[in-house]
Amino acid sequence: MLGKIWAVFRKDFLIELRTKDSLNAMLFFGIVVLVIFNFALAPTRDSIREAVPGVLWVAFVFSGTLGLNRMFASEKDNSCLQGLLMVPMDRGIIYLGKTLAAAVFMFIAEAVIFVFSLVFFNLTVWSEIPWLILVFFIGTLGFTTVGTILSAIAVNTRMREVLLPLILFPVVLPILVNAVEATGIILNTADYSALKLPLTVMSTFTIVFGTLAYLLFDFVLED
Amino acid sequence: MPGLIEVNGLAKYFGRLSALRDLRITVPQGQFIALFGRNGAGKTTFLRILAGLSRPSAGIVKIHSSEPGSQRARRVIGYLSHNSALYLDLTALENLRFYARLLDLSFGNSALEERIARVGLAGRAREPVRNYSRGMQQRLAIARAFLHDPSLLLMDEPFTGLDQEGTEFLKGYLNEARTQGKTCLMAIHDPVIGYALADRLVVIEKGVVALDLARQSISLDEFQGRYRTLTEER
Numbered sequence: 000m001l002g003k004i005w006a007v008f009r010k011d012f013l014i015e016l017r018t019k020d021s022l023n024a025m026l027f028f029g030i031v032v033l034v035i036f037n038f039a040l041a042p043t044r045d046s047i048r049e050a051v052p053g054v055l056w057v058a059f060v061f062s063g064t065l066g067l068n069r070m071f072a073s074e075k076d077n078s079c080l081q082g083l084l085m086v087p088m089d090r091g092i093i094y095l096g097k098t099l100a101a102a103v104f105m106f107i108a109e110a111v112i113f114v115f116s117l118v119f120f121n122l123t124v125w126s127e128i129p130w131l132i133l134v135f136f137i138g139t140l141g142f143t144t145v146g147t148i149l150s151a152i153a154v155n156t157r158m159r160e161v162l163l164p165l166i167l168f169p170v171v172l173p174i175l176v177n178a179v180e181a182t183g184i185i186l187n188t189a190d191y192s193a194l195k196l197p198l199t200v201m202s203t204f205t206i207v208f209g210t211l212a213y214l215l216f217d218f219v220l221e222d
Numbered sequence: 000m001p002g003l004i005e006v007n008g009l010a011k012y013f014g015r016l017s018a019l020r021d022l023r024i025t026v027p028q029g030q031f032i033a034l035f036g037r038n039g040a041g042k043t044t045f046l047r048i049l050a051g052l053s054r055p056s057a058g059i060v061k062i063h064s065s066e067p068g069s070q071r072a073r074r075v076i077g078y079l080s081h082n083s084a085l086y087l088d089l090t091a092l093e094n095l096r097f098y099a100r101l102l103d104l105s106f107g108n109s110a111l112e113e114r115i116a117r118v119g120l121a122g123r124a125r126e127p128v129r130n131y132s133r134g135m136q137q138r139l140a141i142a143r144a145f146l147h148d149p150s151l152l153l154m155d156e157p158f159t160g161l162d163q164e165g166t167e168f169l170k171g172y173l174n175e176a177r178t179q180g181k182t183c184l185m186a187i188h189d190p191v192i193g194y195a196l197a198d199r200l201v202v203i204e205k206g207v208v209a210l211d212l213a214r215q216s217i218s219l220d221e222f223q224g225r226y227r228t229l230t231e232e233r
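Protein chains in written order, with numbering that gives the first Met the number 0: chain A, 0 to 222; chain B, 0 to 233.
Rather than coming from a laboratory, the hints here were simulated on the basis of the structure. For each residue, glycine too, the CB sits at the ideal point set by N, CA and C. There could be a bad hint or two in this list.
[Said to hold, decoys possible] Label pairs and their in silico Cβ distance ranges:
hint, chain 1, residue 1, chain 2, residue 2, range
1, B, Thr228, A, Lys75, 52 to 62 Å
2, B, Gly39, A, Leu196, 35 to 45 Å
3, B, Asp103, A, Thr210, 38 to 48 Å
4, B, Ser132, A, Leu196, 55 to 65 Å
5, B, Ala10, A, Lys75, 21 to 31 Å
6, A, Val161, B, Asn108, 42 to 52 Å
7, B, Ser56, A, Thr210, 50 to 60 Å
8, B, Arg54, A, Asn23, 29 to 39 Å
[Unchecked claim] In silico EDC-like cross-links for lysine to aspartate or glutamate, where the CA-CA straight-line distance does not exceed 16 Å:
hint, chain 1, residue 1, chain 2, residue 2
9, A, Lys75, A, Glu221
10, B, Lys205, B, Asp88
11, A, Lys195, A, Glu180
12, B, Lys61, B, Asp21
13, A, Lys75, B, Asp88
14, A, Lys3, B, Asp103
15, A, Lys19, B, Asp103
[Stated by the list, open to error] Facing chain B, from chain A, some residues (calculated, C-beta under 10 Å):
hint, residue
16, Gly2
17, Leu13
18, Leu220
Please put together the full structure from these sequences, using the hints given.
Dropping the structure here:
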């Protein structure tokens with residue numbers, strides 16, 4: 000099973016490396032968001048740390064949504080999804096491979112956007128980086144876990160680009176609220192014991208929704 | 000003896016539109032069936048249901064006594080439509096390697112290249128599929144769809160867009176499949192090609208089987224006449 004998940008991921012990664020369809024758009028959009036906030040906030044060094052968690056997650060989520068929109072749209076071209084569905088294997092494998100690919104693409108975009116945010120907002124965060132990586136990792140996994148199945152639902156509709164954010168954002172609100180809170184704790188208080196609650200909520204959400212999505216994926220893709 | 004495919008009272012609705020209604024057919028092992036019908040008659044919907052890509056609204060469909068869409072049924076099915084289901088940014092070899100991994104086939108590069116050569120694409124295996132012509136893509140799609148050597152071939156207008164050479168190639172491929180005892184259901188518009196390849200001629204009109212004949216029982220001209228009358232009548 001792991002070999003097949005890896006095969007789906009590797010295929011998506013290889014195509015992305017060649018086309019750069021998703022990553023270019025994700026990076027461009029994320030950096031534009033940072034530029035806009037950089038002008039809007041005109042920050043002093045102290046106050047900016049309070050705004051950065053929200054700004055970062057807005058940039059992450061908007062760029063991640065662009066990536067998710069492409070996840071299944073590329074499979075619809077040339078009816079590739081049909082070819083995948085005909086393979087005699089558990090169709091949940093497609094979901095897991097796609098979620099892994101979406102998470103990796105989003106994580107790459109986040110890393111670049113984060114580096115740009117350090118420059119734009121003049122932040123120094125060396126000691127906080129391991130904690131930030133942990134929050135970004137769990138937040139991204141939660142976001143893509145839900146986003147991948149909703150992207151599969153949206154791809155069969157005429158207005159998929161519009162529909163995905165409309166159905167995605169309300170569902171991932173618990174992840175986003177807790178990710179912003181956890182990022183804020185790391186950047187502003189350094190009280191790492193306070194991270195327990197938001198990280199637990201994000202992890203539980205990811206596991207519950209991931210399991211549901213894996214089990215329901217088969218039904219989502221059929222007419 | 001039960002058929003390889005058993006369909007009873009099959010219906011499919013898309014909202015208020017009925018694509019299939021009370022369709023009944025039994026297909027024994029090794030039979031080649033050409034499915035005729037106008038656009039929108041229900042041929043593609045029928046094949047998609049058999050392939051497990053679409054759920055029936057009513058009725059019973061069994062393939063080897065299994066539900067269509069079950070892993071057991073998918074193991075024996077090779078599904079080919081006029082869309083190739085190939086990734087254009089991957090090479091032919093990468094496409095087949097990807098599907099071979101998902102199918103648990105331990106084919107090395109040389110075995111896959113041999114498959115690619117068998118469909119007439121020798122020397123083009125490491126080229127992106129995007130560079131292929133429509134006919135070349137369809138040849139590779141055949142190699143992809145039948146990589147796991149399925150015993151039941153479901154083909155939805157496989158000759159669409161093929162040039163003369165591609166058409167001859169596909170005919171040869173299907174004749175070879177027949178000698179291997181494979182079963183085939185093929186939706187097709189061209190009565191001449193369909194008649195030449197099939198053992199049984201089935202016309203679907205408005206979601207039901209309107210005509211079901213053994214090829215030996217009717218000449219091509221007679222069949223074309225009855226087919227024309229049938230589609231014009233309705």
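Inset, instruction - Identify every previously stated hint that the structure contradicts and give their numbers, smallest first. - result: 1, 2, 3, 7, 10, 15
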